[in-house]
Amino acid sequence: MAANFTETLKRLVSGYRQQQPDFRASISSGSSGKHYAQIRQGAPFDLFFSADDQRPADLVASGHGQEESLFTYALGVLMLWSLDPQRLPEDGLEVLRAGDFRRLAIANPRVAPYGTAAMALLEREEISLSRGQLVTGQSLGQAFNFVVSGNAELGLVAASQVIAYERQHPAGSRWTPTAEHYPEVRQQVVLLKNARHPELATVFLHWIRHDEQAHQILQEDGYALPAP
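Quick note: the sequence shown uses the numbering used here, first residue 3, plus one each step.
One or more hints might be untrue.
Simulated pairs of lysine-lysine, DSS-like, Cα-Cα distance not exceeding 25 angstroms [unchecked claim]: (1) K195 with K12; (2) K195 with K36; (3) K36 with K12.
Label-pair distances were calculated between CB atoms; the ranges are [to be verified]: (4) G32 with R112: 14 to 20 angstroms; (5) Q56 with P200: 19 to 25 angstroms; (6) L95 with R42: 37 to 43 angstroms; (7) G101 with G32: 32 to 38 angstroms; (8) R126 with P200: 39 to 45 angstroms; (9) A63 with E127: 31 to 37 angstroms; (10) S16 with P230: 20 to 26 angstroms; (11) P200 with P111: 32 to 38 angstroms; (12) P228 with L131: 28 to 34 angstroms; (13) Q218 with H171: 20 to 26 angstroms; (14) Q218 with A122: 36 to 42 angstroms.
For the record, the hints were derived by calculation from the structure and aren't laboratory data. Glycine included, C-beta positions come from ideal geometry on N, C-alpha and C.
Model the full assembly from the supplied sequences, consistent with the hints where possible.
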């Protein structure tokens, strides 16, 4: 499961259990790439919630995922964030264009969808940073931690990370670019061929896809909903 989706999935499971009290789920958190590799090696998971749409599609193509179950459960939202509550104005592009900061953290665009989105935004707006200003985390989590630790003043990270962090810590400042600034981050889920509880997993997926409570949780946690 995508690491940035951990807390949201816990909330979804809790919401679903209000309707199905006997439902139980064991959640394995980590990078999408790590879990993808484990699934290819036969790890006993029922569902794979990915931070992208490529890996679930690859699992279907390789025979590890069930094609009819594949769908986009959320659209990831990119956010420019700083721990400093006074750092970002209403238009964060002004800050990026001015370049008046020491470091900006993003996830590795080669492997992380949010990193790809962040780089696309910078290129679209023709924002050129000096050497050393752009720091790259090997994962979205590492990029976020660069900001939390103070190693980067700013981060182009997931809105879901910021919202989860600020529920337990003082709020910083944030700017959310519109969807036109970067390609869609389509986060998909797939039921795995070797699922031990396929019926229960299928019903849970149907709830996530169609239930208003599930949609509310996703939006509260910083995700956008895909078109019906």
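These are the hints, each one checked on the structure:
no., hint, result
1, K195 with K12, "23 angstroms, holds"
2, K195 with K36, "18 angstroms, holds"
3, K36 with K12, "20 angstroms, holds"
4, G32 with R112: 14 to 20 angstroms, "18 angstroms, holds"
5, Q56 with P200: 19 to 25 angstroms, "23 angstroms, holds"
6, L95 with R42: 37 to 43 angstroms, "40 angstroms, holds"
7, G101 with G32: 32 to 38 angstroms, "34 angstroms, holds"
8, R126 with P200: 39 to 45 angstroms, "42 angstroms, holds"
9, A63 with E127: 31 to 37 angstroms, "35 angstroms, holds"
10, S16 with P230: 20 to 26 angstroms, "25 angstroms, holds"
11, P200 with P111: 32 to 38 angstroms, "35 angstroms, holds"
12, P228 with L131: 28 to 34 angstroms, "32 angstroms, holds"
13, Q218 with H171: 20 to 26 angstroms, "23 angstroms, holds"
14, Q218 with A122: 36 to 42 angstroms, "29 angstroms, violated"
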